[in-house]
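Could you put the whole structure together from the sequences, leaning on the hints where they help?
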Amino acid sequence: TQLLEQSPQFLSIQEGENLTVYCNSSSVFSSLQWYRQEPGEGPVLLVTVVTGGEVKKLKRLTFQFGDARKDSSLHITAAQPGDTGLYLCAGDGSGNTGKLIFGQGTTLQVKP
Amino acid sequence: SQTIHQWPATLVQPVGSPLSLECTVEGTSNPNLYWYRQAAGRGLQLLFYSVGIGQISSEVPQNLSASRPQDRQFILSSKKLLLSDSGFYLCAWNQKGEAFFGQGTRLTVV
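If you're matching them up, the sequences are chains A and B in order.
Mind the numbering: the first sequence is residues 1 to 112 in the working numbering, read in order.
Mind the numbering: the second sequence is residues 1001 to 1110 in the working numbering, read in order.
Treat the hints with care, since some could be wrong.
Taking lysine to aspartate or glutamate pairs in the DMTMM-like style, the calculated list, with each CA pair at most 20 Å apart, reads [stated by the list, open to error]:
(1) 59/A / 17/A
(2) 70/A / 1098/B
(3) 1096/B / 54/A
(4) 56/A / 1098/B
(5) 56/A / 71/A
It should be emphasised that the hints constitute simulated quantities derived from the structure, not laboratory data.
The following block contains the structure:
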């Protein structure tokens, strides 16, 4: 059974601080994705990483896929209150069914 | 562009009552469709997925069922709701391994 372990589960920081969220597995994934979700809404895709060692940047967000394609990280630089939300990693290891396995999520609160 | 619609946004139902949540997708044909359930502040649990009309795969044993009567319509149902069915239900479709979600339905069983 493929599992994704996400850490930390909760994170409360001050505006301007940096943070990193981790997503780890013992399984290899063909791709990993990061989503951000606000209360009462569906998750919204931020990025997909597909190549081992890949690094993608989205403004102040940096995403990295591990060399072995078993883990990923999300780093936010100079966090802002607008970054507050639930961050979810998800892995696609299912072939053509498109079934995604989700981590437990990281709730981020950025205080002004 | 593709869009996904899910309704209702919130629902309060008594124990033992039936349930029907509907999800439709526009702008694509023959999509893979999914129903997920999410506990508060947590990850998503896959309940059902469908790769075509009438084709339903159940991921976990439960009190719910799913149907796909049309190519772009996916329905989540129950004949008799349990308290434990309360949660946030999300419909999604998948394109090239990336999931796109509806707005979700907050179901409270009382």
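Hints, verified against the model:
A hinted pair counts as satisfied when its Cα atoms are at most 20 Å apart, and residue 59/A with residue 17/A qualifies at roughly 15 Å. Between residue 70/A and residue 1098/B the alpha-carbon distance is near 18 Å, which keeps this suggested pair within the 20 Å criterion. About 18 Å separates the Cα atoms of residue 1096/B and residue 54/A, which keeps this hinted pair within 20 Å; it holds. The straight-line distance between the Cα atoms of residue 56/A and residue 1098/B is roughly 16 Å, inside the 20 Å bound, and the hint therefore holds.
For the proposed pair residue 56/A and residue 71/A, the alpha carbon gap of about 14 Å is at most 20 Å, so the pair holds.
Checked against the numbered hints above, the structure violates none of them.
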